[in-house]
Structure formats: C-alpha cells, structure tokens
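**Student:** Next come the chains, spelled out residue by residue.
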Amino acid sequence: MKKIIVKLLTFIIILSMLTGCWDERPFKNAKIIVGVSFDQGKNENIESTVLIPTVQGGGIHSETEKLQTVTTEANTPLDVRNHLDIMVSNSIDPSKLQVILLGEELAKKDIYPILDVFYRNAYNNLNAMIAITEGSATEVINTQPANEANQSKYLVGIINAATNTTLYSGENLQMICAELFEPGEDFVLPYLSKSDENNSVRFSGLALFHDKNFTGEVIRHEDAVLLTLMDGHKGKQSRITRQIPKKKDYDVYNYVTIDVLKNKKDIKYQLDQNKITIDLNFSVRILEYPPNQLKEIKNIKELTKTLEEELTKEATSIIKKLQEANSDILSLGRKAQAYHYNEWKQMNWEKDYKNLEIIPNVKVTIKDIGIID
Amino acid sequence: MVVIIALTAIASFVVPSNEMSNTLRILTFPLILLAGTFGFVGIAIGFLVLLIHLSRLESLGAPYFAPVSPLFVKDLKDTFLRLPIYKLNTRPKDVNAQKSVIVERSREWDDNEK
Amino acid sequence: MIMKNNLLSLNQFFFIIIQTQIGIGVISLPYDLHQVSKQNGWISLIISIFLIQIIILIFWLMYNRFPTLNLYDMQMIIYGKWIGQSINFLYVLYFVFVGSLILILFSNLINLWVLPHTPYWVNMLFLLLSCVYLSSSHITVIGRIYTFLSTFFIILFVLLLNAIPELKIYYLFPIAKEGIMPILKGVNQSVLALLGFVVILFVLPVVKGTAKQKLKTMSGAIWFVGFFYLFVVFISFTFFSTEEIKVVPQPVLYLLKSFEFAVVSRIDLLFLTIWIMSVATSFSTFLYLASLGTMQLFKSKKRTKFVWVNATLIFLLVIVIDSKLITIQTYAKYVSNSGYIFSIALPILLYLVMLLLKKRHKEGHSS
Chain A
118 MKKIIVKLLT FIIILSMLTG CWDERPFKNA KIIVGVSFDQ GKNENIESTV
168 LIPTVQGGGI HSETEKLQTV TTEANTPLDV RNHLDIMVSN SIDPSKLQVI
218 LLGEELAKKD IYPILDVFYR NAYNNLNAMI AITEGSATEV INTQPANEAN
268 QSKYLVGIIN AATNTTLYSG ENLQMICAEL FEPGEDFVLP YLSKSDENNS
318 VRFSGLALFH DKNFTGEVIR HEDAVLLTLM DGHKGKQSRI TRQIPKKKDY
368 DVYNYVTIDV LKNKKDIKYQ LDQNKITIDL NFSVRILEYP PNQLKEIKNI
418 KELTKTLEEE LTKEATSIIK KLQEANSDIL SLGRKAQAYH YNEWKQMNWE
468 KDYKNLEIIP NVKVTIKDIG IID
Chain B
91 MVVIIALTAI ASFVVPSNEM SNTLRILTFP LILLAGTFGF VGIAIGFLVL
141 LIHLSRLESL GAPYFAPVSP LFVKDLKDTF LRLPIYKLNT RPKDVNAQKS
191 VIVERSREWD DNEK
Chain C
215 MIMKNNLLSL NQFFFIIIQT QIGIGVISLP YDLHQVSKQN GWISLIISIF
265 LIQIIILIFW LMYNRFPTLN LYDMQMIIYG KWIGQSINFL YVLYFVFVGS
315 LILILFSNLI NLWVLPHTPY WVNMLFLLLS CVYLSSSHIT VIGRIYTFLS
365 TFFIILFVLL LNAIPELKIY YLFPIAKEGI MPILKGVNQS VLALLGFVVI
415 LFVLPVVKGT AKQKLKTMSG AIWFVGFFYL FVVFISFTFF STEEIKVVPQ
465 PVLYLLKSFE FAVVSRIDLL FLTIWIMSVA TSFSTFLYLA SLGTMQLFKS
515 KKRTKFVWVN ATLIFLLVIV IDSKLITIQT YAKYVSNSGY IFSIALPILL
565 YLVMLLLKKR HKEGHSS
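Protein chains in written order, with the numbering used here: chain A, 118 to 490; chain B, 91 to 204; chain C, 215 to 581.
Hints may be right or wrong, so weigh each one.
Result set (EDC-like, lysine to aspartate or glutamate): computed pairs, CA atoms no more than 16 Å apart in a straight line [unchecked claim]:
hint	chain 1	residue 1	chain 2	residue 2
1	C	K382	A	D227
2	A	K462	C	E392
3	A	K351	C	E380
4	A	K329	C	E457
5	A	K382	A	E419
6	A	K213	C	E474
7	C	K391	A	E460
Residues from chain A that keep clear of chain B, each with C-beta distances beyond 12 Å, as calculated [said to hold, decoys possible]:
hint	residue
8	W139
9	R142
10	Q185
11	S310
No lab work stands behind these hints, which were simulated from the structure alone.
Glycine residues also receive a C-beta, built at the ideal position from the N, C-alpha and C atoms.
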C-alpha cells in the first residue's frame, strides 16, 4: 500500500513538472510599457500612445535605454492593447506602468471606463501616477527634453517633485479610486502642460474633478499648495510666497516666504444655517524675509496678521472656485454625512453644495524665523 | 538577477559545516523546480512541506525544532541570542531532563579567584 | 513522561484554535461584512465575538462533564451506538465538505490573483498533498507547526500597518443609521468567518492543564482572532470608501497592491504567500478532524490511512463541484450555513441532552 502510494506520488509530481509552467511570463516575450496616454480620438474613440523602453548595448559598452512611442486609435483601452500587439514585436505588458496621462477632452467625459482595465487586472501596477494634460496628452507624452532620456521617468519626476513641495497630494491610481467612487467626495489630479520653449513639460496646477469627470476648472499652481494643505496633505516642504504691505521701493523686499511645518484642520458644520467654517492652523517657519527686524514681537505679530489675512483671502477664493466647479475636494459632503447625518439627509448635497457658505479661517503661528533675525 | 546571485553567494557562507551545505544544496533543487513551475505559490508550499518535515523530526524524543516550536520561552535564551553563562543554569526543557536546574556553578572563574 | 509528551501544551492549543479560525475568510471578510451591514460591519463583528464566547463557555461545561472524551466519543456515549455513529458520520461529511470548500475558494483565488493559466486542480493538489502530510502527523506535531506558522501573523500585521497614513476614519460613520437589522445580518456573516472554533471540542481532552487554564486559553484565542479580524475590517473599511469596497471582493489584497517597497514591489503576493500557510493550516485541521471521525466510525487505530481516504474524497468532491453541477457561491452558502448546525446547534443539543440525562464522566462507564 505504502509503496504504491509513494510511486503514485512520484508519478504525479513528475507529471506536473513535465508540463512546464503555465504562467510563465518571461521578460523577453513581453514589451513592457512604462507610460501611456489617452486622448479623445476623431471618431468617438480613443487615441492612445504608449512608451516602450528597449535596452540596447550592454556588456562591455554601457547600456543605453531608448524609448519607442507607438500611437494608435481604438474603442477601449484594452482594444488599444490589441491594436498595439499587432504593431510591435511581442505582446504588450502593462504591469510596470508608471504614468497614465489623460487628455483634457477625454477627461471631461467619464474617466472611469478608461481606468477600469487598470483596476481590474491583477497584474497591473496600482502605484502608477495619473495626470491630466492641457490639450493633447499625446503631445505631452512625446515631449522629450534634451537632458532627459526617459519620458516616463521625467513625467513621474515632475509629479513626485510636486508632491514633495506640497503642490500635489501624491495620490496614485489606487488612492484616487476611493474618491472616484464615493459620492460627496472628489479629487484633484495634476494638470500638466507642454511649454514650447525648451521643449518641456510643466506642472501648471491641479485639475478639479467632480464625480468621475474633469470639471474644466484648474487651480493655478500658486494656489495649489494652499489647496493641498487644506486637504490635509503635506509634502516634505510646503513653501508659500506672499506679498506683504509695501515697505521699500525695490519690489523684491516686499515678499515673505514661509514653510508650513504643521497644519491642523477643524471643520465646524452649521448645516441648519447652510454654513461651514473651516479653521486652519498653520505652524510656519520664515524662510525668506528681506526686511528683517523680526526680533521685535510687534513685527512678528504684524507679519502674522498679514499672512493670516492674505491666506484667508486666498483660501476663500479657492473655495469659491471649488464651489463653482461643484468639486468637493475637501470631502465636506462625506464628512457631513458621517458626522451630521440628520441634517445631511434633509439636504440635497449635490445641488446645495454650491450655495453653502463656506468660511475658511487661517491661523498662522510663526514657530521659527531662521538663524538671523 | 545580479542582486539575487550576490545574495545567494553571501548566504552560502552562513552555513557552518560542509555537511549542512550539502543538505541545503539537495533541498534547493525541488524548491527551484517548484519556483519555476508555480512561482511564489510554489515556494510557499515547498517551504511549508519542509517545515512540516522538520517539525515532525524527533531525535531521541526531543523535537528537532525544540525551543521554537514547541515554544519554550525560557529556552530561547540559548537560541537566537546567548545570554551570559551564569544565566544559562537550566537544562533545555525538550529533553525532559530529570533535574531541570544545573546545580554546579557555571561561572568557573569564581573558583579560580579563591 | 511519554504520556506528557503526547499532550498539547496550552500554547499549542491556543495556536491550533487561531490557525483553524483564521483561514480563507480573512481576505474577503471586510467585503462580505460590508455587503450586508455597510460601514457598521465592525459592530456586528464585536457582537459575534461575544456570541462565540458564550458558545465556548458551553463547550467548556461539556468538557467538564466528560474531561477525557472528544465530541465523537461523547456523542457515542450520550446518544447510543446507532444515533451517535450516524451523527458522527454527518460530522465527518461536514468536515469533508468544508475542506473541499476551502480548496475551491483557495484555487479560485490563486487563479484570479497569481496563476491565471495554471489548471485549478494542480494548485489544489499541491495544497492537498502538503496538508495530508501535515494532518497525518501527531496532534502535538500539528500544534508545533501551527505555533511556528503563527509568527507570520506578525508580518501580516506589519504589512497592513502600511495603510495607516491613508486611512480616513470618517468612512466608518454614520454609525447605525440604517437601523439594527443590517447589523444583525452582519452578525451572521461574521459568525461564518469565525467558524472553526468547533475544533475546541475535539482537541480539549488532549491538552494538559487545569480546566480553568483551558478556558482562559480558549477565550484568549477567540478574542485574538476577533481582534485580528477587527483590525483587518477596520483597515479595509477606512482605506476603501463605502462605495468602492462594494466592487472589491478581496479588499485586503487590493489594499496591499497599491503599496510598493524598495525591493518587493508586489506586496499582495507576499501577503498571499503567508495567507497560503494559514489556509493550509485551517484546511489540515478539518482534514485531521475528519480523519478522527472516520477512525471512530471504523474503529481503527490507523489514522494516516483515513487521512488519505478523506483527502481523496475531498479531491473528488471538488472535481465534481467544479464541473458546474452547482455554482461555487451556492455551494459556499450551503456549506457555511450548515456550520451553524454542526458548530453551534448540535453541540448545544448534546449539552441539553447531557443535562436531561444527568450524565457525567463517572456514570459514563455504566451506560
């Protein structure tokens, strides 16, 4: 009995080895794509460009990485892949995807059908960054500055740099998914545009979304830091440069740059009066203040006051813009549902959000003025 | 790939004796096959079987994996770390020693000082 | 001395319970809970832990009446030969069905996430064979392996901690606004995920220690599992929004997929590997219990043989089920719901009969 079982077992094990591997996906048989862009095509379809890196040389000579770009039109993102498969050698493998660009036109429609395939397939990389482009995405993805070898790394680098300086919250494909689905909560995506001088791409702001579509409104990159801070994210640095009341004729004197060290947010709802107060507490460090004389408490107080006024004014205008776009970046709706369910239920948030009176209130505490006064 | 080979080469120096490294070499082949056919899942199952086998082993009634599983917290003092000798005054639990405490002084230098 | 070695220590007992309970369910538990009770699923989980604590207390009282017998033996003594044997047979069947359900769900998940082209029965066979090896060993060895594998829970825990910066607590609110009913329905789901505690009744007699110590260990194990589940549910509820989790059947894996470490880029695969181990452990517990039952039925002493028999049975069952006689969902529903009968109803009935007949260990010999 035992011998038979042992024989049988050996037989089965050897058999399974004879078959080889079912799920082998060797690198040599695949074309990895590292970046992809989607645009509105001409006939109600999608125009897509992919970046395929190929390594040349190697061995004794140093390796050079070259990117091949292929553009095609198709009906769905996966259909794009079918079209591409017949255009390139080997098959397309998106599991190392780093960046997805969506053209403005396309993003104004529903973006979920484009992203569905990335969420659905277990092999896909959910760490990929996603961005909206001004005008055509194909153009942006094809932009290659002279000193950058790899467009996808370049684009990811731009977004990462924006994340480090608090221009963007750094949310990847997966992180936006929660806000994509949830009603009463919206998200922003980086808005990239091509600048024609020196052939480069720049981060020009945050694209506001409502539900699953791009609203068309963009928060300028000067205000992006404040919006990201209001949303509760903070990168390594968060520098804000603002004008202060005129002190000297030479204009460079009349600015202060601060770095926000800590931000605290407190939202107070008075939904029966259609009123929401957002208290923001920033602890800041002065990075640049040419007029000096910060030794005196009077001056610090004055500066604090100016900053508070300036930032509150700005926050108000940002919120106005959010309301105009009907884009609830600060998740006010979902939080109202969570903590003030009864009042929330009586409202129609979708419509009432625009008419709410949302009052931001920025408090600044100067914690650090640097090593000189 | 380079990283993996480097890691393997360095890891091979961990094994103290030649016999043990032979054992490991033999054990590697089925694991390579499993990893080749089933990837990560294969490795997991391979290690599971290896673990079961090791846990089933008993030498003279003492479990092979003794202080770790079955867990004897008190015996761990001589497993991953080695505490000072005067702390090592109990015999391992898994061998079912008749006297669990070592009675003689383990600090031999105490005698020398006299 | 030899006797002492054949008994489980309290530690091993603890780990056997938690390894049996934490298994296939942990990956989809948040999704299942959310399906019925929305963001209030965690409340139902806590309620169900309390329920199970009570049931365990009953198990312990049963054990106190017959400290040397497992459930199979108890049933033989209380119900008599014929009824006892037939109920034991049902138990064996139940364990076989649960085993096959675990195998099916396991191979489905592996097919979905890691190896889409590998035939399902190959995945299954590999797990089955290693589990046969595991469960054909002595119960103390099983205890040892479970103890060792439990160290992996720390890794699972640490992996899940990665998600903490991304959590949004307000997804848990509003609390209980949909009324009490969904929460109670959620209790059903979470009890199903916690099933497997029936192993206590079979293992209790071979654990060394006083009755009180055993009770403490049992409850400790249940609460450990409860809190682990609670942690998983909490993390996935706050990471995914209330709308998103509806479309993500394996939230835990999906959550880990969006993170990346310097060397390991697919953390979900790492998690899956560790999870395979805990599936293997809970599967082999059921295989062990089934083989214990068949041993009792055929009055044999060779357990290893019956492990093989049961494993073959399970394998054939899976092949039959997978040939689309019945969909996996309905099969899963039937099997997990029958868990109520076998892990709660029948033991409680047995206890009531015990009370009625006033049977205790000493009288047990005369009947």
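**Student:** A separate judgement is required for each hint: does it hold in the structure or not?
**Tutor:** Quick rundown of the hints versus the structure:
no., hint, in the structure
1, C:K382 / A:D227, "violated, 25 Å"
2, A:K462 / C:E392, "holds, 12 Å"
3, A:K351 / C:E380, "holds, 13 Å"
4, A:K329 / C:E457, "holds, 13 Å"
5, A:K382 / A:E419, "violated, 23 Å"
6, A:K213 / C:E474, "holds, 12 Å"
7, C:K391 / A:E460, "holds, 13 Å"
8, W139, "violated, 8 Å"
9, R142, "violated, 9 Å"
10, Q185, "holds, 23 Å"
11, S310, "holds, 39 Å"
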